[in-house]
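Visitor: Okay, here's what each chain looks like letter by letter:
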Amino acid sequence: MSYSPKIGVWLCECGGNIGDVVDTQKVMDEIKNQVQFVKRERYLCSKPSIDTIKEIIKNEKLERIVLACCTPKMHRETFLKNVIEEGINPAFLEIVNVREQCSWVHKKDPEGATLKSLDLIKGAISRIKESKELHTKQMHVTQEVLVIGGGVAGITTSLRLSEYGLKVHLIEKSPSIGGHMIQYPKVFPTLDCSQCILTPKMASIAQSSNINLKTYSEVKEVTGSPGNFNVKIWVKPRGVDVEKCIGCGECSRVCPVEAPSEYDERIGKRKAAYIPFPQSVPSVYTIDFDNCVRCGLCAANCPREAIDLNDEGKIEELNVGAIVLATGFELFDLTNLVNYGYGRYPNVITSLEMERILDVNGPTGSQLIVPKTGRQVKSVVYVLCAGSRDTEVGQPYCSRVCCLYSMKQAQLLRDRGVDVWINYIDIRSPGRRYEEFYRLTQEKGVNFVKGKVTEIEPNGEQVLVRSEEMMLNKMMENVVDLVVLSPPIISSEDTAKLSEMLKVPIDEDKFVLEKHPKLDPVATKRDGVFAAGAVIGPKDIQSTTAEAEGAAMKVVNFLGMARIIEANKAYLARNELCDGCGKCKKICPESAITIVEDKPVFNEITCSGCGACIPECPQNALDQEGLTDIQIQTQIKGILNDTKAPLKIIAFVEKEVVYTAIDLAGLARLSYASSIRIIPMPSLARIKLEHILYAFSYGADGVMMLEAPIHEGPYGNAHKISEERAEEYKWALEDYEIDSSRLWYSRVYVPDWRKLERIFNTFHEMVESEDPIEGNQRGKILKNLLKIKD
Amino acid sequence: MTEIIFNEDTKRFRDSILKIGGAERLMLCYQCGTCTNDCPVAKRIEEFRPRNIARLAMFGQKQQLFSSDLLWLCAGCYTCYEHCPQKVHVSEIISALRRLAFIEGKIHPTIKSLLTALSRYGYIMEIGEFENELREEENLPPAPEPAINEISTIMEKTGTLKKVGGN
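Protein sequences, first through last, are from chains A and B.
With the first letter of the first sequence counted as 1, position 29 gets the number 29 in our numbering; the numbers rise by one all the way through.
With the first letter of the second sequence counted as 1, position 67 gets the number 67 in our numbering; the numbers rise by one all the way through.
Bear in mind the hints are in silico, worked out from the structure with no lab data behind them.
Heads up, the beta-carbon is just placed ideally off N, CA and C, and yes, glycines get one too.
Check before you lean on any hint, since a few could be wrong.
[Claimed, not checked] Here are the simulated DMTMM-like cross-link-like pairs (lysine to aspartate or glutamate), alpha carbons at most 25 Å apart as the crow flies: (1) Lys-61/A / Glu-133/A; (2) Lys-11/B / Glu-461/A; (3) Lys-11/B / Glu-469/A; (4) Lys-19/B / Asp-415/A; (5) Lys-474/A / Asp-15/B; (6) Lys-378/A / Glu-8/B; (7) Lys-87/B / Glu-435/A; (8) Lys-644/A / Glu-461/A; (9) Lys-378/A / Glu-47/B; (10) Lys-106/B / Glu-47/B; (11) Lys-378/A / Asp-9/B; (12) Lys-137/A / Glu-443/A; (13) Lys-19/B / Glu-757/A; (14) Lys-87/B / Glu-133/A; (15) Lys-474/A / Glu-3/B; (16) Lys-378/A / Asp-15/B; (17) Lys-167/A / Glu-221/A; (18) Lys-450/A / Glu-145/B; (19) Lys-474/A / Asp-38/B; (20) Lys-378/A / Glu-443/A.
[Said to hold, decoys possible] Quick list of the computed label-pair ranges, beta carbon to beta carbon: (21) Thr-116/B / Gly-374/A: 55 to 61 Å; (22) Arg-12/B / Thr-190/A: 30 to 36 Å; (23) Ile-148/B / Leu-191/A: 56 to 62 Å; (24) Gly-343/A / Gly-33/B: 50 to 56 Å; (25) Thr-190/A / Glu-82/B: 31 to 37 Å.
[To be verified] Some chain A residues close to chain B (C-beta under 10 Å, calculated; not the full set): (26) Trp-421; (27) Ile-425; (28) Lys-444; (29) Val-449; (30) Lys-450; (31) Met-475.
Let's have the full structure, built from the sequences with the hints guiding it.
Guide: Put into structure tokens, the structure is as follows:
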């Protein structure tokens with residue numbers, strides 16, 4: 001190292017909080033020969049002290065600053081802002097925590113606290129000498145959004161984003177937006193007219209100049225990266241020019257072909273030239289080419305010449321910054337449940353078919369009849385959990401809305417004098433006004449029967465329904481006109497396809513996995529891709545719209561924030577060593593790495609800076625900005641070199657969750673061995689075997705790896721990796737004749753801070769009881785390490 | 001074997017319960033079991049489960065309600081009335097059921113003999129010299145002369161007399 005930067009060190013006494021325990025004079029004496037400038041302050045965070053720091057930086061022309069004071073979580077931001085004003089790069093400020101980690105926890109051992117403070121400062125000085133300037137970057141992020149799915153979730157998100165001023169591309173596979181919600185006549189628990197509340201929103205979509213609505217279209221391909229996705233849209237052959245069509249319906253009137261109506265759950269019929277329902281958005285007709293006989297009548301009668309029976313569809317390309325998945329749900333195929341006879345008995349139908357029957361504009365013209373036989377319905381049995389909560393044939397989870405919508409339908413039926421039985425396993429009505437809705441349903445005289453329906457069989461023109469009445473411990477038979485089954489709500493096939501295309505992981509139940517089920521519920525595991533509604537699991541409209549609003553905010557946040565990229569990324573430091581094996585790509589928990597021409601390319605937005613890829617590289621070709629291997633090594637060396645401490649333990653700790661827990665232990669004035677010297681890491685997956693070996697060769701008697709729980713903290717996805725690595729490292733240590741028990745690995749939750757005292761002391765005592773590591777043994781390791789390096 | 005069947009009769013019977021004052025909230029019962037656990041009779045008699053009575057009533061299962069002593073075991077302490085979280089009031093349901101049972105002549109023999117005594121003596125038991133001597137020992141006046149005529153007229157006109165097998 002030819003160039004030696006001018007370093008200034010400040011020690012804070014924090015009133016007496018630090019100064020009463022740590023012998024600051026001794027520390028100053030020990031380090032004054034290593035740096036240009038040393039000063040002690042009573043309160044470093046006070047305005048006069050900060051002004052002095054700034055003054056001295058100017059006068060002494062200091063280039064790098066080390067502050068030994070309280071936890072960086074306390075005042076780092078303030079100090080940073082002020083030193084930046086004096087032209088110091090953020091990489092050239094180091095904070096040494098001598099309060100929470102020294103004076104507060106080693107009160108009974110002032111000598112140990114002083115030695116530890118000194119060592120930690122020495123470590124920071126060595127490290128900062130190796131620091132390089134860091135600069136945050138600005139990245140181009142396309143200010144356009146793709147929303148996939150035109151149900152209530154997609155509609156809500158699109159509207160909110162367009163109001164904010166972003167360009168939105170809303171893609172819907174069917175000819176109209178509206179989703180499932182537009183099929184329901186009423187919604188619980190308010191018994192609002194569903195179409196009355198959704199139709200105006202659909203109209204707003206059509207009218208918004210910020211929304212590019214693409215119906216009858218599907219996403220075909222997604223490439224690029226978060227902030228800059230390239231999307232290919234397949235606009236399916238519709239046979240009608242959406243720009244020209246004025247929705248007059250002339251084509252439909254002359255069309256001779258009839259086909260089952262998807263909107264009416266195939267109970268009713270529509271023409272091959274059709275509009276799904278009168279309020280369709282866009283108000284544009286579609287030719288169903290699967291059923292069209294190509295007679296040409298529609299084209300001949302269209303006053304706008306909008307029909308092209310040779311339409312082959314087209315591919316359109318989009319460039320967007322973020323994507324919202326709102327692809328909703330499908331229903332489980334009930335023919336799988338043979339004992340219920342769905343598909344065989346005309347008077348066994350699904351709840352969604354019942355929704356259509358209950359609609360005044362439905363396929364039965366508001367008559368309560370069995371659609372296939374036309375027979376009047378005077379009694380109905382509802383079969384809840386017809387496949388839900390069933391690990392055998394159906395789906396293991398609860399579909400969440402069946403209890404409530406069945407009660408809704410039951411109320412509508414009771415109002416029309418129909419006898420209703422609801423066979424349930426458990427009634428689940430958690431939600432605002434839902435229990436009240438349950439009570440209202442009871443008041444209307446609906447019969448609730450505890451016991452799942454086991455069998456349905458024909459009984460003349462009616463059906464016989466068998467179940468147990470568990471409350472009475474008795475068998476029950478019920479002969480009724482109609483049975484309505486509540487099928488499981490399942491993830492749609494499109495969601496599975498899209499999850500592959502978008503590299504968004506799905507869970508065992510095929511629904512999209514949230515980034516964090518509690519703390520980040522509408523973000524997916526992939527940056528820039530968000531989700532709302534039933535695509536994340538069965539849910540009611542209230543929760544769906546709440547999620548849709550949340551997803552819109554996440555998009556706005558992402559498109560705004562992603563422009564600044566922190567300088568903490570992994571990068572290919574030694575290009576010549578890389579042989580393109582792709583192991584880094586495989587291990588990356590954020591899928592931030594792609595291999596282009598046999599070299600890794602790091603997506604700087606997606607890379608969290610966890611560092612997991614760096615130890616994975618067999619060629620040692622990778623490194624990390626602001627946390628280089630050489631920085632880690634020199635910090636370890638700085639801490640351990642020439643220390644007078646009798647026992648030395650290096651503790652690598654995760655810097656968010658675990659570091660906070662250690663601060664809390666300090667705040668509570670717990671007392672643990674002063675041998676513990678802490679080095680924060682983004683994730684313990686950043687630690688290489690060589691870092692541990694360096695620690696032992698420089699004089700450590702033990703090494704700890706304290707990792708945060710999986711999925712917690714900003715580098716949470718990497719926390720699983722470190723556990724496996726620690727096992728390997730333990731084995732490797734034995735090769736160097738270091739007992740594997742000298743490497744400690746555990747996970748620490750924030751509330752675990754009380755346990756830290758015991759963890760640290762236990763490890764300290766364990767290491768203390770071992771025979772010391774011989775000097776020549778340490779020398780052997782170092783020689784070996786340096787050989788590896790050559 | 002099938003033990004619960006729904007038909008027009010069960011529906012009619014349930015509707016008739018719901019029409020009786022105090023029993024209107026029957027359908028709100030969600031079978032939590034508070035009534036049963038609180039019931040002093042249920043503590044001693046395993047077959048007596050107020051929750052089951054409410055359930056049978058909700059399903060209009062007249063046959064099962066009327067074919068045993070169940071309805072007549074309630075002591076009328078009203079603990080269930082006080083504690084029901086849905087204000088279903090099983091005690092009132094039982095009263096309503098007793099009334100319907102009575103109308104159909106399904107009356108417990110004990111009740112029957114009490115009513116027969118009432119129509120005959122104006123009291124639910126005969127008051128003779130022995131009883132009045134006992135009263136005297138307690139410094140009570142002799143039992144007032146019962147209004148036998150009025151009572152038996154009422155019982156006759158309401159059909160009660162006939163139900164208990166009187167003339």
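Visitor: Quick one, is the Trp-421/A hint okay against chain B at 10 Å, beta carbons?
Guide: holds, 8 Å
Visitor: Could you check the hint for me, namely that Gly-343/A and Gly-33/B are 50 to 56 Å apart, CB to CB?
Guide: violated, 40 Å
Visitor: For the pair we were handed, Lys-167/A and Glu-221/A, check the Cα-Cα distance against 25 Å.
Guide: Given that 25 Å is the threshold and the Cα spacing comes to 20 Å, the pair holds.
Visitor: When you check the alpha-carbon spacing of Lys-19/B and Glu-757/A, does it fall within 25 Å?
Guide: Not satisfied, since the Cα-Cα distance of roughly 70 Å exceeds 25 Å.
Visitor: At a threshold of 10 Å, is the proposed contact between Lys-444/A and chain B supported by beta-carbon distances?
Guide: holds, 8 Å
Visitor: Under the criterion that the straight-line Cα-Cα distance not exceed 25 Å, is the pair Lys-474/A, Glu-3/B satisfied?
Guide: holds, 6 Å
Visitor: Regarding the hint that Val-449/A lies at the interface with chain B, is the smallest CB-CB distance below 10 Å?
Guide: holds, 8 Å
Visitor: Against the 25 Å threshold, does the CA-CA distance of Lys-11/B and Glu-461/A hold or violate the hint?
Guide: The given pair, whose Cα atoms are some 21 Å apart, holds under the 25 Å limit.
Visitor: Are the Cα positions of Lys-378/A and Glu-443/A separated by 25 Å at most?
Guide: Answer holds: Lys-378/A to Glu-443/A is near 19 Å, not above 25 Å.
Visitor: Is Lys-474/A within 25 Å of Asp-38/B, Cα to Cα?
Guide: holds, 24 Å
Visitor: Against the 25 Å threshold, does the CA-CA distance of Lys-378/A and Glu-8/B hold or violate the hint?
Guide: holds, 12 Å
Visitor: Assess, step by step, whether the Cα of Lys-106/B is no farther than 25 Å from the Cα of Glu-47/B, and give holds or violated.
Guide: Given pair Lys-106/B, Glu-47/B holds - Cα atoms ~19 Å apart, limit 25 Å.
Hint violations for this structure: numbers 8, 9, 12, 13, 14, 18, 24 and 27, all remaining hints satisfied.
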